[in-house]
Amino acid sequence: MAGRDYLGEFEHIVVLALLQLEERAYGVTVRQEIELRTHREVSIGAVYATLDRLETKGYVKSYRGDPTPERGGRSKRFFRVTAKGVTAVNRTQRALQSMSEGLGLIENYS
Amino acid sequence: MTSPSFSLQPPRLAVWLVNLFTVPDNAEAIVGDLLEEFSQIAHQAGVVFARRWYWRQSLKTIVHLICTAYRAAPWWTCAGVAGGFLTHRLLWGLVEPTIFAVLVRYQIPEHHFNVYVFFASTGLDIGYLIVFLFEGCIAAIVAKEREMAAATTLSLISAALCGTAVVSWVVQGHWALSRFTWDFADTIAILIGGAIVRTHRSAHLSRNENLPNT
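In the order they appear, the protein sequences are chains S and F. Here the first sequence is numbered in numbering that gives the first Met the number 0, starting from 0 and rising by one per residue. Here the second sequence is numbered in numbering that gives the first Met the number 0, starting from 0 and rising by one per residue.
Hints listed in this document are in silico derivations from the structure and should not be mistaken for laboratory results. Any given hint could turn out to be false.
[Unchecked claim] Here are some, though not all, of the chain F residues that point toward chain S, as calculated from beta-carbon distances under 8 Å:
| id | residue |
| --- | --- |
| 1 | ASP32 |
| 2 | GLU35 |
| 3 | THR60 |
| 4 | LEU64 |
| 5 | LYS143 |
| 6 | LEU160 |
| 7 | ALA164 |
| 8 | VAL165 |
| 9 | VAL166 |
Just so you know, even glycine gets a beta-carbon here, dropped at the ideal spot from N, CA and C.
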C-alpha cells in the first residue's frame, strides 16, 4: 500500500518548485519561485526544513555548487527531484484531482 | 560617513544567531542564501528595507530550525533538555552549602564582614547564575548538533516559570525588581551556555576543515 507516500501541502509546493526550476533549484530560487507563484511569504528555514525532510524520504537529492563571491565565498546547495519524488508528486496530484472532481471549486469559490 | 561596503553588510547579530541555530551541514547554504538575497534586495529596495527583511527571515528561520531539531533528532534534543534539567537538580542544592562552607573555612564572617554579606547575598545569586550557565552547556553538549534547540527549550521553560513567579509576587504586592532581574538573567545564562558550546564546536569543526590533507 502506497498510502503513506503522499506529499504534504508544503512538500508538494516545494517539489513542484524544484521541477519548475530544473537545474537552477537552490534555496534562494526555490523560495522566490514559491513566493512568486503562491504570493505567500516563505522563510528560507521553512524551505530547508522541507527539503531536508524530502531528502530523508528519498524524494530529492542535493549536491554542492561552487562558492561565489556574492555569497561571501559560500557554496550553493542545489536540489533535484528523484524518480521516487516524481512518482510521489504525480500520486498526490492525482489524489487531489480525484478528490476535487465535480466540485467546480475554482468556478464556485473564486 | 559609512562606506558602501560596510552598509551592504547584513545585521551581524542576525547572521550570528542564524549560524548558532543551523546544523553545520546546512549552515553554509542557509547563510549564503540569506546573504545573496540580502544583496539583491539591498540593490533593489535599499539597505534599510533589506536589513528589516534579513531580520524577519532570520527570526522565522530560527523558529523553523528549532522545530526541525525536534523532528530530525528528537531523542538527542530531548536528551539534551533532560540532561540540562538533571544538571540543574544536581547542582542547585550545592551552591549555598559550598559558598557558606568556603566563607566559614576562611573565617570571612569574623574578619571581613562586608565580604561575607556580599557573598551571602549577591555571591549566592552569581553562584546560581553559574549553575544555569552550566545547565545550558550540558544541554548543548548532550544535544550534539542541536545545541541551541535544547538550550532554547530549557530557557523558555525557565522563563515561563520565572514569569509565573513574577505574576504571583506582583499579585501578592511584592515588587522585588532586583530579584526579577536575577531570575531573568538565569534564563539568559542557559542560552549563553548553549552558545558557548556551539561556538566552540563550530570553531573546532572549521579548524579541522582547514587542516591540510597530508
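message = Interface hint check: ASP32 (chain F), Cβ to nearest Cβ on chain S, cutoff 8 Å. Holds or violated?
response = Hint on ASP32 (chain F): holds, closest Cβ of chain S at ~4 Å, below 8 Å.
message = Given a cut of 8 Å on the nearest C-beta pair, is the interface hint for LEU64 (chain F) held or broken against chain S?
response = LEU64 (chain F) check passes; min Cβ-Cβ to chain S is 5 Å, inside 8 Å.
inquiry  = Take the shortest C-beta to C-beta distance between LEU160 (chain F) and chain S; is it under 8 Å?
reply    = violated (28 Å)
key: Interface hint outcome for ALA164 (chain F) [beta carbon to chain S under 8 Å]   = Interface hint status for ALA164 (chain F): violated (32 Å vs cutoff 8 Å).
key: Supplied contact hint for VAL165 (chain F), tested at 8 Å Cβ to chain S   = Nearest chain S Cβ about 31 Å off; hint violated.
message = For the restraint on THR60 (chain F), tell me whether the closest CB of chain S is nearer than 8 Å.
response = holds (3 Å)
inquiry  = Tell me if the interface restraint on VAL166 (chain F) is satisfied: Cβ within less than 8 Å of some Cβ in chain S.
reply    = violated (32 Å)
message = The hint names GLU35 (chain F) as touching chain S; please verify it with the least Cβ-Cβ distance against 8 Å.
response = Interface hint status for GLU35 (chain F): holds (5 Å vs cutoff 8 Å).
task = Let me know if the C-beta of LYS143 (chain F) comes in closer than 8 Å to any C-beta of chain S, holds or violated.
result = Given a least distance of 16 Å, the restraint on LYS143 (chain F) is violated.
When held up to the earlier numbered hints, the structure conflicts with 5, 6, 7, 8, 9 and fits the remainder.
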